[in-house]
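*Asks:* Each chain, written out:
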Amino acid sequence: MEIKVLGPGCPNCRKMEEIVKKAINEMGVDAKLEKVSDIAEIMKYTMSTPGLVINGKLKHSGKPLPPIEKIKALIKEEIGQ
Amino acid sequence: MLKVIASYATYNILGLAHGSRLADAVEFFIYDTIKIFLLLAAIIFAVSVIRSYFPPERTKKILSHKKEFIGNVMASLLGIVTPFCSCSAVPLFIGFVEAGVPLGVTFSFLISSPMVNEVAVVLLWGLFGWRIAAIYISAGLLVAMLGGFIIGKLKLEKWVQDYVYKLHFDGAAEAAKQPFKERILYARRNTADILKRVWLFVLIAIGIGGFIHGYAPQDFLVRYAGPHNPFAVPVAVLIGVPLYSNAAGVIPIVYALMEKGLSTGTVLAFMMSVTALSLPEMIILRKVLKVQLLIVFTAIMTVTIIAVGYLFNAIL
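If you read the sequences in order, they're chains A and B. Under the working numbering, the first residue of the first sequence carries the number -12, and numbering increases by one thereafter. Under the working numbering, the first residue of the second sequence carries the number 222, and numbering increases by one thereafter.
Derived by calculation from the structure, the hints in this document are not laboratory data. All C-beta atoms, glycine included, are put in the ideal place defined by N, C-alpha and C. Treat the hints with care, as some may be off.
[Claimed, not checked] Think about it this way: if two alpha-carbon atoms lie no more than 16 Å apart in a straight line, the pair counts; the simulated EDC-like pairs of lysine to aspartate or glutamate are: (1) A/K50 to B/E403; (2) B/K387 to A/E28; (3) A/K2 to B/D414; (4) A/K50 to B/D414; (5) B/K387 to A/D25.
[Stated by the list, open to error] The calculated label-pair distances, taken between Cβ atoms and stated as ranges, are: (6) A/I66 to B/P463: 19 to 29 Å; (7) B/K379 to A/M(-12): 22 to 32 Å; (8) B/K224 to A/G15: 50 to 60 Å; (9) A/E13 to B/Y232: 46 to 56 Å; (10) B/P463 to A/V16: 18 to 28 Å.
Required output: the full structure, derived from the provided sequences and hints.
*Replies:* See the structure below:
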């Protein structure tokens, strides 16, 4: 599974990355986490950062950050498919 | 009802003596704290629900190819309800320009969004009354419309970084329709999120109101920036421009300045210059704008905010 956190480097984006990392670890899924800060790359998905992309699909964008349970649910959704 | 709770807490729970200065201050503090936090929670929640209907993708679509003036008016209003954090300024700017939103209209949005928002309005309302809050909203909208309109008229597209016009996207995903229950959940999270960020500043502001109230000496601030100094507004604005804070962070200072007897227009102009213009924002915008446009933008904003400050000092 490929997970991307989109953000130019603001505090919220860093927080998002941490939460996602934690979610992956706790679930023990095999996922590649990538932090995307290139504007052109971010804008392929959304205008509002931070963004969360799982397997090429935009799952969340903007503030407020989703709680960790929500992120886990989004990851599970992708595993199920 | 709130008054009863506040006086019960002051005299029965804390056991303070009736009529003492401390008891008055404590009662005022408790009353204001409950009132303002209830207001904040209710209004942020309501605005968040409205906000969930206006993701940036939708706002972009509404504003795309809008005529000047009407576009500036709509962008300033949408700036209030469209969620946007300053770190998204760059993708947002590019997205707008790319979608054919005129440059001046984009600026109206960028100006209004951080300056006029529900937190600023509720805090001004709770601390100074609805009139001051209404004045701030109209002043902020006026500055956003005017600033964006002037930038549009000056035709400064050449001072946008060239790469902005070269990027092309297959139209970012349209925000999905969400069920109403999702919106309520979002609003609840957003309210908690904002309250967590602002509560300390709010308490400090109320504290200043409760404890400095009446003690504030007429000191040098009033002598130099008071109603009798014709340069009070530009001085306050020039001090505020490089300072950076969101609306909640600047509120304690705003309260202190009001208490010291500065004119309303002067203080509101100061607040606008702090929230609308800042060094960190300039650094972020530098990624999409050339230096010339940044300078023009800062100059136009400074002049417009000063003008609005004078206007309110004159009519209030």
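*Asks:* Against this structure, judge whether each hint is valid.
*Replies:* Now for the hints, and whether the structure bears them out:
1. A/K50 to B/E403: Satisfied, since the Cα-Cα distance of roughly 15 Å is no more than 16 Å.
2. B/K387 to A/E28: holds, 14 Å
3. A/K2 to B/D414: holds, 13 Å
4. A/K50 to B/D414: holds, 9 Å
5. B/K387 to A/D25: Answer holds: B/K387 to A/D25 is near 15 Å, not above 16 Å.
6. A/I66 to B/P463: 19 to 29 Å: violated, 49 Å
7. B/K379 to A/M(-12): 22 to 32 Å: violated, 45 Å
8. B/K224 to A/G15: 50 to 60 Å: holds, 55 Å
9. A/E13 to B/Y232: 46 to 56 Å: Taking Cβ atoms as reference, A/E13 and B/Y232 lie about 50 Å apart, which means the hint holds.
10. B/P463 to A/V16: 18 to 28 Å: violated, 46 Å
The structure fails to meet hints 6, 7, 10 from the earlier list, while all remaining hints are met.
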